[in-house]
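Q: Here's the letter readout for the chains.
Number of protein chains: 4
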Amino acid sequence: MDCYSPDPDAVVELANAYRNEPNYESYVALSSAIEAPRQKLFKRMNMATQGTEVIVSLRKDFLRLVKNHPELKPIDFDLLHLLKSWFNRGFLTIAEIDWNTPAVILEKLIEYEAVHFMSGWNDLKKRLGPNRRCYAFFHASLPNEPLIFVEVALVNGLAGSIEPLIDPDPQSEKGDADVDTAIFYSISNCQAGLAGISFGNFLIKQVVMELKKEFPELTQFSTLSPIPSFRRWLSQELDNKESTFLTQSNRSTLSLLSETDWSTSQEHCELLQPVLTKLCAHYIVNAKKANKPYDPVTRFHLGNGARVERLNWMGDKSTKGLSQSAGLLVNYFYAIDEVEKNHEAFVNQGTIAYSKDISKFLLAN
Amino acid sequence: MDCYSPDPDAVVELANAYRNEPNYESYVALSSAIEAPRQKLFKRMNMATQGTEVIVSLRKDFLRLVKNHPELKPIDFDLLHLLKSWFNRGFLTIAEIDWNTPAVILEKLIEYEAVHFMSGWNDLKKRLGPNRRCYAFFHASLPNEPLIFVEVALVNGLAGSIEPLIDPDPQSEKGDADVDTAIFYSISNCQAGLAGISFGNFLIKQVVMELKKEFPELTQFSTLSPIPSFRRWLSQELDNKESTFLTQSNRSTLSLLSETDWSTSQEHCELLQPVLTKLCAHYIVNAKKANKPYDPVTRFHLGNGARVERLNWMGDKSTKGLSQSAGLLVNYFYAIDEVEKNHEAFVNQGTIAYSKDISKFLLAN
Amino acid sequence: MDCYSPDPDAVVELANAYRNEPNYESYVALSSAIEAPRQKLFKRMNMATQGTEVIVSLRKDFLRLVKNHPELKPIDFDLLHLLKSWFNRGFLTIAEIDWNTPAVILEKLIEYEAVHFMSGWNDLKKRLGPNRRCYAFFHASLPNEPLIFVEVALVNGLAGSIEPLIDPDPQSEKGDADVDTAIFYSISNCQAGLAGISFGNFLIKQVVMELKKEFPELTQFSTLSPIPSFRRWLSQELDNKESTFLTQSNRSTLSLLSETDWSTSQEHCELLQPVLTKLCAHYIVNAKKANKPYDPVTRFHLGNGARVERLNWMGDKSTKGLSQSAGLLVNYFYAIDEVEKNHEAFVNQGTIAYSKDISKFLLAN
Amino acid sequence: MDCYSPDPDAVVELANAYRNEPNYESYVALSSAIEAPRQKLFKRMNMATQGTEVIVSLRKDFLRLVKNHPELKPIDFDLLHLLKSWFNRGFLTIAEIDWNTPAVILEKLIEYEAVHFMSGWNDLKKRLGPNRRCYAFFHASLPNEPLIFVEVALVNGLAGSIEPLIDPDPQSEKGDADVDTAIFYSISNCQAGLAGISFGNFLIKQVVMELKKEFPELTQFSTLSPIPSFRRWLSQELDNKESTFLTQSNRSTLSLLSETDWSTSQEHCELLQPVLTKLCAHYIVNAKKANKPYDPVTRFHLGNGARVERLNWMGDKSTKGLSQSAGLLVNYFYAIDEVEKNHEAFVNQGTIAYSKDISKFLLAN
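Chains as they are written, first to last, in this note's numbering: chain A, 1 to 365; chain B, 1 to 365; chain C, 1 to 365; chain D, 1 to 365.
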């Protein structure tokens with residue numbers, strides 16, 4: 001450990017003193033000794049004009065450096081510790097983003113969108129049109145920088161395809177008539193320098209509340225989500241001779257995926273659909289990594305208390321959608337009265353909540 | 001130490017592990033162990049709506065409790081540690097307070113004013129009139145609560161009396177004509193729950209910058225300050241037979257202070273003025289408590305890098321002014337190009353910077 | 001007519017030209033000739049910074065001048081014509097006034113309150129407390145000047161006494177629980193320079209809409225109003241030997257009004273109550289001036305489509321209330337579904353809408 | 001005249017009454033009679049929510065209709081009269097437009113830009129970058145609609161070419177260093193429904209003041225303007241055998257203009273430049289239409305008090321620039337201390353103010 005870290009000998013001595021006489025003075029002495037001097041430096045930096053911005057940007061660069069220099073990880077530990085304290089949920093404000101928002105913020109949405117690519121202002125305007133909503137968290141020290149944002153479509157019934165949400169027919173989206181479902185179809189973290197701080201769960205909960213207040217007629221809250229690691233996992237399984245997920249018949253059907261344009265061949269699709277859909281259900285529910293769902297998006301929404309609701313074949317035919325999720329999209333459903341229970345069961349027992357629709361795939365041969 | 005404090009045995013063990021192998025894992029383990037669980041609780045509380053407000057208010061109550069329960073001091077140590085992090089200068093915004101400010105904030109100024117009492121809205125309006133300025137620090141999580149505010153009068157030459165600043169002749173304060181001096185005549189901390197966090201030095205520096213920008217013609221920045229502990233100290237010296245500050249002749253003159261209305265008797269004042277003024281200069285420069293200036297206001301401004309500039313006889317004839325400061329007011333002068341140097345000399349060598357005017361009193365017999 | 005008025009000969013000539021050939025050119029020529037040159041001057045004045053403010057202030061002074069100089073009335077006609085155009089309802093915005101409003105506006109409410117005197121900020125704060133609302137119209141060119149404001153109390157059932165509305169028991173006004181009635185208890189025009197332009201009816205209608213939106217549970221909208229010309233009219237009737245309103249018995253009872261403190265004598269009040277209440281009902285419904293209700297407040301609310309609902313004995317015991325309205329207050333009730341009909345009947349046939357409660361007094365002997 | 005116009009007989013009668021007795025009553029009667037009932041209708045329409053917007057939009061449509069129905073012109077006269085009163089300079093506010101402005105307003109700039117076409121958001125962002133400014137007038141009743149806007153480049157010395165202003169090299173535009181000249185390079189009216197109301201002169205004057213305040217170092221204010229009717233006029237002169245502007249030699253040189261791509265042929269340009277530049281100077285100064293400068297842009301800036309300063313060969317090589325202005329751009333210079341004098345001389349004697357630079361072309365053979 002370098003000289004900016006707490007002095008090991010001093011720490012041991014003060015720890016002993018604290019054990020011998022655990023009082024105010026010994027506690028303060030020990031606490032102060034264990035706080036690395038670099039923390040004082042970061043706090044001092046933050047005092048300057050735009051200090052917070054500089055620190056967040058510095059950590060972004062620093063994280064790249066740490067990858068090749070693991071000995072610097074303790075520094076990032078302290079930096080992350082400070083940033084977690086500063087970006088506590090209590091210091092975030094939610095803002096609705098719409099066409100009245102300053103361009104300096106809107107252009108960041110185009111830049112930061114991480115799920116469904118926006119090519120420019122025209123794409124953005126569609127996502128802020130009638131029956132569309134967008135919300136972001138902001139911190140007072142980064143006034144023009146969203147920390148995270150979520151895009152929502154208000155529709156009638158569960159949506160299964162991304163296209164009509166991000167490129168709607170202008171005729172069909174006139175008023176707020178007859179919507180009963182809010183679809184969270186894209187959620188993007190914006191600040192690489194704040195990696196490791198979780199904003200998404202707070203944002204979703206807050207947005208559900210905002211929407212309930214504005215549209216009391218909404219009864220369903222659900223995502224329409226990619227399954228971004230599905231095909232990577234599938235490749236691993238295909239490479240794994242002893243995979244318990246794949247049958248020989250599966251393997252032969254899946255070989256069609258190596259054909260270019262399989263997704264536009266009706267014939268191929270008819271063969272692939274039942275196999276991929278069933279495997280995807282298994283993947284979402286049963287594939288694990290360190291005892292947690294293999295897919296990061298599954299991990300996120302299940303951790304928030306959602307349940308796996310429905311798989312949508314060819315929900316996303318974009319290049320990215322095909323290459324990552326085999327064109328499938330999944331709905332994670334936020335049932336307000338079971339979110340708490342699902343969350344607890346997931347965290348404590350690793351239980352995955354899913355619908356009957358999904359269970360059919362799991363039970364099928 | 002109670003159960004919410006770090007476990008002494010675990011801490012010693014982890015400290016030893018860290019000494020044996022000072023790496024990322026041992027550092028994280030130790031750092032995490034030393035952080036009292038109550039800190040997590042406070043951070044969780046802060047996430048709720050108006051959480052910050054609740055915590056600041058809680059600490060206000062808690063500080064009263066701690067007075068009689070010193071065993072609770074470690075809890076306050078953690079709370080203060082968190083609040084210092086959250087109320088870092090980088091998260092504060094300065095706001096000019098004037099007659100366009102919402103009443104909900106203005107009424108707090110009347111309530112929090114700690115130096116020169118305001119009886120109500122009329123007094124307040126005078127302090128926000130022509131050639132008067134008021135600035136406050138705010139935190140985004142306490143939108144209607146000033147953390148600290150300072151009142152400034154723009155005048156020509158150093159001001160020596162408080163009356164014309166807080167109750168100006170409406171005729172004489174018309175425009176901004178001919179002002180060259182900014183007098184900081186009152187600075188008040190507002191949040192008892194944030195005691196121990198220093199805002200004043202940052203505020204004064206920021207206000208000097210704001211004023212320089214708005215009024216390039218300003219050349220002098222000075223306070224007009226009470227000497228609130230002067231008479232308490234004087235009593236102690238009078239009681240102290242071996243005081244090195246007082247001569248026998250001083251003692252007999254000072255006995256006049258026990259007469260009611262000494263301050264309105266021209267005869268008494270003529271005798272008292274030279275004695276009190278000289279003693280006050282000695283008090284400010286030489287009286288110490290724990291190696292620092294005895295007077296808290298002296299400590300504050302000297303620590304910021306100001307110098308003691310001028311003593312003003314009968315600058316404050318209010319009951320409070322007479323009973324605390326013997327009616328004297330002092331100017332602490334912020335000379336922009338010597339603030340840094342003064343601050344360093346004060347902090348490192350305990351040097352008190354003062355003007356020739358003051359040195360005359362110190363050298364006089 | 002002075003030289004700033006249209007030239008009579010030119011006007012006659014152009015009027016004849018227009019009659020002979022009523023086309024675009026003759027119409028423009030005539031229209032231009034009839035527009036007094038002073039109108040151009042006023043429009044030019046309005047272009048300057050704060051021009052609108054200056055013109056409104058100028059008219060305030062001018063109206064005083066006109067009283068003694070009727071020959072200047074044509075100038076005021078033009079000025080009022082312009083101001084009516086500029087202060088068209090479409091250019092007014094409604095704002096809710098509360099304790100977050102800037103002091104510079106709030107102090108004007110204290111100054112302009114014309115119905116129930118406010119002695120200062122404490123009185124004002126009570127009127128902006130729980131279950132109280134205040135709304136004003138503003139014009140973009142007079143940003144800190146309310147044009148008119150109305151004060152509202154949200155209560156349960158019709159209010160009959162002003163005291164609990166303007167000086168409520170802090171204990172009893174905690175939440176918004178159980179309110180079903182909005183009482184408009186004070187409405188004040190603010191700008192003497194805009195006399196002759198009617199804002200009140202638009203404001204009341206707008207406030208009813210705002211309140212319905214915020215509190216769907218409100219079912220009754222009513223005023224609690226003074227009858228400011230009642231006692232002046234009563235004096236005239238007493239002086240009028242042939243009054244058809246007064247009986248001999250009435251006259252003898254009413255002589256008690258000349259006693260000081262009649263209102264605090266239980267004995268006098270018992271005699272006066274039935275007589276005054278009945279006469280007041282007759283006054284409101286039947287006393288006329290130029291074929292319209294004698295009382296200006298009656299004229300205003302009936303013209304807006306309200307009905308006379310209830311008389312409240314000793315509703316206002318203030319000096320002003322006793323000397324103008326004999327302590328009586330009246331509720332004008334705005335029944336949303338009959339406002340239009342009442343307004344039409346009032347304007348076209350002079351019909352006064354009133355409740356059964358009132359009709360009892362009218363029929364009684 | 002239709003039935004919505006003033007009754008000719010009544011008007012003549014009231015005009016006679018006014019001549020016989022020119023007093024308040026006769027004046028009011030005549031004034032009221034001459035005001036067409038449709039004016040009341042428009043005023044009533046304006047009272048509704050978004051009424052002003054509707055009326056401005058209605059006039060836009062109406063103006064198209066009037067073109068083919070001259071009998072409707074009196075209606076437009078009244079409408080314009082009202083709109084002039086409502087959109088009086090005193091009711092307009094200036095706003096700086098930058099990248100912090102809401103997208104809903106920014107997209108209108110792209111749409112309304114009438115001088116130098118913007119293809120989208122990227123073009124717009126360049127015009128709002130470093131050393132660029134944009135200002136617009138707004139009216140409180142049309143919050144998201146600029147009425148007129150002007151684009152300004154801060155440069156060093158007079159600019160002669162449009163390209164570097166609207167598509168600057170990102171490297172060369174870093175700070176505000178060394179700028180001494182504000183170039184107004186584009187000014188566009190936005191509301192077809194407000195045609196006939198002059199905003200431009202007020203906007204330019206206000207922007208000069210704003211810029212002087214923000215950048216005291218600016219010493220020159222000038223336009224860089226197209227000469228949009230130059231080539232149309234030139235065609236007319238070429239067709240006119242007796243033109244006094246053209247020599248036979250000119251005519252033969254100008255025949256080169258009929259070649260496609262004349263502007264990219266160095267040879268052609270060398271022949272054309274002296275002829276076109278000289279003719280353009282004559283055109284600007286001497287070509288007239290109804291006793292005023294032939295070119296509408298010349299009329300506008302000369303009317304505002306500017307002088308013709310400099311002609312810039314190949315200042316605008318865009319298709320539009322070549323086809324309208326033969327690629328020339330002109331600087332109209334606003335010398336603050338001669339604007340008033342120039343304006344008076346132009347309005348009263350028709351005097352065209354121009355520089356020595358221009359006079360050289362006029363005197364040359």
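Treat the hints as calculated values from the structure; they're not laboratory data.
Be a bit skeptical, because a hint or two may be false.
Intra- or inter-copy, both count: the list cannot distinguish identical chains.
DSS-like, lysine-lysine: derived pairs with alpha carbons at most 27 Å apart [stated by the list, open to error]:
#	residue 1	residue 2
1	K341	K43
2	K40	K241
3	K73	K43
4	K205	K43
5	K60	K43
6	K360	K125
Q: Please go over all the hints and tell whether each is borne out by the structure.
A: Results for each hint:
1. K341 / K43: So K341 and K43 pass the 27 Å test across copies only (23 Å; inside, 39 Å).
2. K40 / K241: neither (54 Å within a copy, 47 Å between copies)
3. K73 / K43: both (19 Å within a copy, 24 Å between copies)
4. K205 / K43: Close across copies (18 Å), not inside one copy (31 Å); limit 27 Å.
5. K60 / K43: both (17 Å within a copy, 24 Å between copies)
6. K360 / K125: Classified as neither: same-chain Cα gap 39 Å, cross-chain 53 Å, threshold 27 Å.
When held up to the earlier numbered hints, the structure conflicts with 2 and 6 and fits the remainder.
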